[in-house]
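Trainee: Turn these sequences into a full structure, and let the hints steer you where they fit.
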Amino acid sequence: MSDFLTAAATNIGAPEDLVKRSADARSEASGSSVDDILAAWAGGAAAPVAAESPAPDAAIAPEANPAEPAVSSAPSAAPTARVVTVRDPEAAPILVGRRESPKAMILTLLGLLAFGVLVGAWLPAVAASQEASNHVTAQPLYSADAELGREIYLAEGCSTCHTMSVRSLEVDAGLGLITEPEDIANFFESVEGVRRIGPDLAHIGERMEAKDIKAFVSNPTFVRADAHHPPYKYLSADEIDDLTTFLSETK
Amino acid sequence: MVTTNAPATTQVAGRTDATAKWALLIGAFLLAAATAILFMAWTVFTVPSEGAGFLGFGRLFPMATTLTVFGAFVALNLGVLLFLLPRLTGASTNRSGTLAALFWLSTVSAVVGTGVVGFGGTDGRQGFELPWLAELLLVLGVGGIAVIAIKALFDRKEDSIYPTTWFMVGGLLSFITAIAVANLPIARGPGAGIPVAFGRGVVLWVWILGFAIGAMLYLVPKESGRPLFSRQVAIGTFVSLMMAGMFYGLSTTLFGPLPDWAETVGVAMGLLLLVPAVTVPVLLVKTLDGAFDQLQTSVPLRFAVAGVVAFSLGAAVSAISGLRSFAELLGLTTFRDGTETLLVFGAGILLTSAFVYHAIPRLTGRTLHSEQLAKRHLQFTVVGAGGITVLLWLSGIATGSTWLAGIKSSLFAASGEGFSASLTASEWAHPWLLLSGFILFLGQLIFVTNLYRTLISGDVAPVEIVTEVSE
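In order, the protein sequences belong to chains Z and B.
When we follow this note's numbering, the leftmost residue of the first sequence carries the number 7, and every step to the right adds one.
When we follow this note's numbering, the leftmost residue of the second sequence carries the number 12, and every step to the right adds one.
Just so you know, the hints here were simulated from the structure itself, not pulled from any lab data.
None of the values given here were measured: they were computed from a predicted structure.
No residue lacks a Cβ here, since even glycine has one placed at the ideal position from N, Cα and C.
Check the hints yourself; a few may be wrong.
Which bits of chain Z does chain B cover? Going by a derived footprint, with three or more residues having C-beta under 8 Å, they are [unchecked claim]: (1) 109 to 118; (2) 122 to 132; (3) 173 to 180; (4) 202 to 208; (5) 220 to 234.
Calculated lysine-lysine pairs in the DSS-like style (CA-CA distance at most 27 Å, straight line) [said to hold, decoys possible]: (6) Z/K220 <-> Z/K239; (7) Z/K239 <-> Z/K217; (8) Z/K257 <-> Z/K239; (9) Z/K257 <-> B/K162; (10) B/K162 <-> Z/K109; (11) B/K386 <-> B/K297.
Mentor: Rendered as structure tokens:
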């Protein structure tokens with residue numbers, strides 16, 4: 007064996023002890039003798055092919071020292087067998103997984119997702135909508151211009167800063183009537199918002215007159231010097247009017 | 012398949028690795044672009060009179076979040092996947108051309124869609140502002156990659172599944188589901204926001220953070236030479252993360268016009284976040300046990316440790332701040348934005364960057380250009396994301412307290428002049444917020460620069476190549 011080992015180590019360009027250890031591991035995995043493997047690595051006959059080719063990170067024997075490089079080869083591919091490739095020193099037995107079927111994993115994941123979609127999204131959404139659906143009116147809540155304004159409201163990212171939802175909380179006491187499902191029953195899009203960097207607009211039409219809304223949207227700092235509201239100077243006069251109409255009809 | 016080391020000059024990496032390399036580099040670039048847009052958003056918010064033309068805060072902020080979530084993290088996560096897929100499955104990479112095409116489809120859709128958001132082409136769904144066509148193409152791209160990844164699992168050469176695979180496949184399936192659910196017109200009125208909130212939670216906890224933690228579970232054993240502490244704990248972590256993520260959205264709508272039972276379920280499931288808040292650091296520390304000295308030398312390990320600290324803190328705060336008593340004071344304030352900044356721009360960036368620093372030398376065959384720059388990247392990201400987090404937390408507490416105090420004293424209302432007063436309570440934070448945002452952007456700029464210099468001028472190093480073993 008020592009002749010083969012020396013020849014294989016020379017051929018590979020790796021230390022003999024590493025080559026020996028790798029040959030042992032290879033022998034254990036493939037069922038062929040260590041001598042056959044070393045002979046193949048030394049440039050002789052090809053070693054018998056393993057029943058199942060080992061994966062890069064998972065296949066090294068657990069007892070191998072992870073800090074040292076192992077050696078592997080491409081037995082039946084002559085060109086690569088000559089340049090016997092040295093496994094990544096870090097590709098150690100540390101990445102051993104557990105024998106399991108991917109089918110079980112996929113089914114588990116799909117099951118979890120189905121449960122989450124059902125209980126975390128579908129049921130709450132449908133339950134909330136059902137109550138609201140009793141209040142959907144045949145007559146639109148908004149005028150045609152206001153509907154255009156609502157699209158501008160959404161497209162301009164107004165709900166990035168503004169909410170349209172008065173909560174049943176003490177801190178919202180000054181905002182007017184608590185938002186009930188029927189108040190937003192006619193909306194398919196969500197206009198409630200998730201943060202309140204700007205004031206809530208659920209009842210803005212009651213608090214401000216249309217001309218004041220328009221003045222503020224057009225030139226916020228002219229109306230209030232310390233306003234952080236962006237100036238929508240790029241919107242056309244018609245768009246400003248539509249946005250104003252939407253807000254003033256939101257009561 | 013075997014993973015090999017060979018001189019970069021004599022071997023050529025497969026196309027999967029080539030795509031992985033570009034995905035990680037483009038992801039890093041998009042991350043820098045997203046943080047730049049975020050900085051612009053806070054700038055125009057602080058100084059609105061200066062403005063930025065049609066790019067107001069309402070457009071810039073969604074652009075930043077969209078580019079981060081659907082641009083940068085899609086590219087980065089696909090890079091992680093394409094790097095790990097052959098290494099963890101040993102499966103053939105003969106679909107590398109398709110994978111590359113699907114990656115480009117996903118990334119280009121996200122980038123173009125973000126541009127459209129900047130021109131006002133959105134329907135205003137918070138967190139899912141991309142136009143529907145861009146989302147459809149994104150789903151097609153990521154969905155196609157998911158199909159190939161799952162097929163690779165069935166074609167794999169070894170019979171074991173490493174825990175990272177759970178995080179990756181679960182992330183892919185969850186991401187597609189999140190976009191699909193967020194676009195379904197299954198509800199109207201008060202229910203319309205629920206599917207969107209569901210999608211937001213899933214994308215945050217499973218797609219961004221789950222993927223990042225999965226990548227961390229691969230690189231920490233590789234870098235330290237220590238086996239993963241526990242496979243069971245790792246998979247338990249993933250399951251709890253997934254369950255909590257799917258119900259996170261409900262906890263963000265407390266006290267709104269939703270059924271009480273739905274809110275209660277959201278709060279209860281949100282507490283599950285305490286599990287990964289504990290188990291992720293346990294996995295890291297126990298895996299590193301006996302190899303802590305490597306923190307001195309390993310750049311990826313240092314990033315991983317910082318990322319895990321950010322994740323653990325963010326998950327714990329998220330779990331607690333979802334409780335009704337906290338939501339009464341902090342709901343709708345910037346407090347939640349602070350926590351999500353910590354999770355996305357802190358934990359997400361740090362953990363994913365750790366993987367990029369691990370993978371890029373192996374993919375390019377070049378040593379990292381500068382460890383000093385990597386150190387600066389770490390420092391700037393921690394200071395920038397940490398600064399924004401703390402400021403938004405304090406700002407949220409100040410705003411919520413002012414609303415409450417105003418109501419109790421009858422001095423303020425939460426609208427009109429009263430609302431201006433509540434804003435004043437947090438105005439002190441604005442310049443610091445700008446500074447922190449700029450530092451965060453600089454950190455990502457340093458990251459991209461370091462990677463680019465590695466690509467063009469790094470010293471030649473062994474490249475990790477996945478080669479086929481004849482059977």
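Trainee: Work down the list of hints and note, for each, if the structure agrees.
Mentor: Here's how the hints hold up against the structure:
no., hint, in the structure
1, 109 to 118, "holds (count 6)"
2, 122 to 132, "holds (count 10)"
3, 173 to 180, "holds (count 8)"
4, 202 to 208, "holds (count 5)"
5, 220 to 234, "holds (count 6)"
6, Z/K220 <-> Z/K239, "holds, 12 Å"
7, Z/K239 <-> Z/K217, "holds, 16 Å"
8, Z/K257 <-> Z/K239, "holds, 26 Å"
9, Z/K257 <-> B/K162, "violated, 54 Å"
10, B/K162 <-> Z/K109, "holds, 11 Å"
11, B/K386 <-> B/K297, "holds, 24 Å"
Hint compliance for this structure: hint 9 is the single one not met.
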